[in-house]
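S.K.: Listed here are the chains, written in short residue letters.
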Amino acid sequence: MCQVGEDYREPVPKDPPPPPRPGHEQQKCMKWCVKCKKGAPVLVIRAGDAFCRDCFKAYYVHKFRAVLGKNRLIFPGEKVLLAWSGGPSSSSMLWQVLEGLSRESAKQLRFVPGVVYVDEGAACGRNPEDRAETLAEVQSILRSTGLPWHGVALEEVFGLPQSVLRHFSQEPAMGDGAYKEAVDGFIQQQQGLGTEGARDSPSLSPGLEQLSWPSPHNPQSPARPHTAAETEALSRLFNSVRTLTAKEELLQTLRTHLILHVARTHGYSKVMTGDSCTRLAIKLLTNLALGRGAFLAWDTGFADERHGDVVVVRPMREHMLKEVAFYNHLFAIPTVLTPAIDTKAPEKASIHRLMEAFVLQLQAQFPSTVSTVYRTSEKLVKAPRAGRAASPSRPCCLLCLCMLDVDSADSATAFGAQSTTALSLRQAPALQTQAKEPTVPCCSPGLCEDRGCCRGARPSEREDLQACVIEQLCYSCRVNMKDLGPGHAGDPGVSD
Amino acid sequence: MPAPPCASCHAARAALRRPRSGQALCGACFCAAFEAEVLHTVLAGRLLPPGAVVAVGASGGKDSTVLAHVLRELAPRLGVSLRLVAVDEGIGGYRDAALAAVRRQAARWELPLTVVAYADLFGGWTMDAVARSTAGSGRSRACCTFCGVLRRRALEEGARLVGATHIVTGHNADDMAETVLMNFLRGDTGRLARGGGLGSPGEGGALPRCRPLQLASQKEVVLYAHFRRLDYFSEECVYAPEAFRGHARDLLKRLEVVRPSVVLDLVHSAERLALAPAAQPARPRACTCCRALASRPLCQACTLLDGLDRGRPRLAIGKGRRGLDEEAPRAGAQPPPSAALPAF
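Protein chains in written order, with our numbering: chain P, 1 to 496; chain H, 1 to 344.
Honestly, the hints are just simulated from the structure, not real lab data. Among the hints, erroneous ones may be present.
Simulated crosslink set (BS3-like; lysine-lysine; CA at most 27 Å straight-line) [what the hints assert, rightly or not]:
#1 Lys253(H) / Lys344(P)
#2 Lys348(P) / Lys219(H)
#3 Lys482(P) / Lys219(H)
#4 Lys70(P) / Lys270(P)
#5 Lys482(P) / Lys62(H)
#6 Lys31(P) / Lys107(P)
Generate the whole structure from the sequences, applying the supplied hints.
M.R.: Below you can see the structure in the form of structure tokens.
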């Protein structure tokens, strides 16, 4: 197409000679690390910066500490639960915390960590032998860390109490002054108590009254044995979901609730997840496509306080996946790789897979894609869009606990457009609805126990119940519910 | 196997299934439903008050053709009068054929048509000239950046020429979905903050704009044009393959295969985005050069044209802004001589 060199009437204007391309300079400097200029570089990250091993380690560790320090959310002595999946990012996070706790580190990390591992084998359809094998590996790694750890199986989600879905009122946010005071107080205590604060079970200073201490807990609690019936029920639940997108969302919701439950029972007030920058950029675009534009700040921000008493924190959010992978390789971080629900699924199987493929492909072509999306995500705020009537106590979604973002009054919106067509659909003659009524299998026994609804309920009752539950969901949870099989009127423990 | 009867009139055989709901409808009922939904959008959003003189941005393509047709059907009920405004960007081999289609439509519908050309409005700069000017730096030409900004200025000018009170464009739901994806990928927080509604109310003297087709998906627009046998121009712009929007469009098409409702889900997300106040665009004021709406001392159109005149076309794009405060145009590349610039 019209490129320079073709014949035109007027001459193409001459641009001033372009500045010497940075590539040339860099190629000369590739021999040395860009930071210390002495060491031999072992990897190239960011926009072509070569780092030697020690400088890379310092850079990596500094980023981790900086994210924690900048946000000032984790108070000294606080109990923090690390959600470890065995994957590279969470393993890296776990090891960063371990190294930070050791007394040799420059500024010792001051919180009290525990680890939780969720066995999702039933949802992924793994057989019991493979699951036992993985569990053994997990146990050996977690024992070597010396931290208190909790292993739970996803089947335990059936035993969750109803209170899990209730929205807890949020604690008053502590100001900056309180943080500084807490840190100073903690330092004084440590100095007063002498050489207290051993690595594996940090003794708890009694002076900090604002945090509640639980009774002394077991250093490790392996998964409570789950029955085969529960495993069966769980796999039936997941098999009844029609699309992989809805399966992944369901798995995420169940996993989150389970981890929060563990945190609450054992007195943890924060949960750390190992989402890296790349994963969060993919998650942001995925959630955009799922209709969660209103909640992006909660889903991808540093702190997620929608659950009230327990805050989910993402300290790895500035580390790119490439850096994590290299760090794990260079410093031999142990990981346990287990097949996930979408392993080996084709690209078009779910929105999550599609977005991941797209972002990684675009990143190869435009290397600043992930960091651009990340920077945009930092500008999102946790509020309803400016200009809308924001009532302080809006109802929350039953499944994801975010403020409802559907407004039946305003019909000149995407939601309005879809509900008007649905309305016209329902007004079609009875013949149509009866033809559309699917044969309804009875839902898994453990699922709706608390409601006692679906056993023996007539189809019309079930539909009413379903409509009732859908009213309490946000836009994206409603779309996901459409993909759930008939008869699943809600999660376990739904309270009306 | 014969098609099921239409779900609405139960008389004719169904001719299609609506992508949105899976409902089987015959051609006539589908068109009626489509028109009813557009009417509902306009009324519920209070987009076009009675007595408005509406300038329809007509490009000859499927969206603006459907828009003009539907608004013409609805005009008596809404109490508005229509004018067609077409913009000639000066893209050889593309725009001339499209304009021929617009002229045919104007004749058939008996609507007044006004054509505004870049060459007249912007000192002789046609899109082809812009493309030649930005070519050769080894980077992408960003033709769509220039064309989009200049076209909006041209549309505003054309609307003023015909005495319109509102401007409507044929953007559909797929366009809005692609826009939000693209803006996130490019990190354009200003546009993310501004977009998402059904249009802009028209601040600081600019005409209010809206997009009545915003909640209709592209498939339905094409089907409507098919059933009403509308004559439109269906080739893509010669510069389209270079655009970044192509990535977003490709992604959207793939997403639609996985989950058909993703288009409206993205529009819903775009409506509900909450950006920090610091990321919001500045309060609009008048451009010092042409008195149009601007968020900086110079509006984007004037800035781009200034850069082109100086022979530094990338002046207003991205990091080229550093040169903006330099002196007035030197004897750099000048556009080909043309008729005198009209006073804005």
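S.K.: Are the Cα positions of Lys482(P) and Lys62(H) separated by 27 Å at most?
M.R.: The hint is violated at about 32 Å.
S.K.: Starting from Lys253(H), check that the Cα of Lys344(P) is at most 27 Å away, please.
M.R.: holds, 22 Å
S.K.: Decide if the proposed pair is consistent with the structure: Lys348(P) and Lys219(H), CA atoms, cutoff 27 Å inclusive.
M.R.: holds, 20 Å
S.K.: Regarding the pair Lys482(P) and Lys219(H), is the alpha-carbon distance no greater than 27 Å?
M.R.: Satisfied, since the Cα-Cα distance of roughly 22 Å is no more than 27 Å.
S.K.: Hey, Lys31(P) versus Lys107(P), does the alpha-carbon distance stay inside 27 Å?
M.R.: violated, 32 Å
S.K.: Would you check the hint for Lys70(P) and Lys270(P), treating anything up to 27 Å between C-alpha atoms as holding?
M.R.: holds, 16 Å
The structure shown violates the earlier hints numbered 5 and 6.
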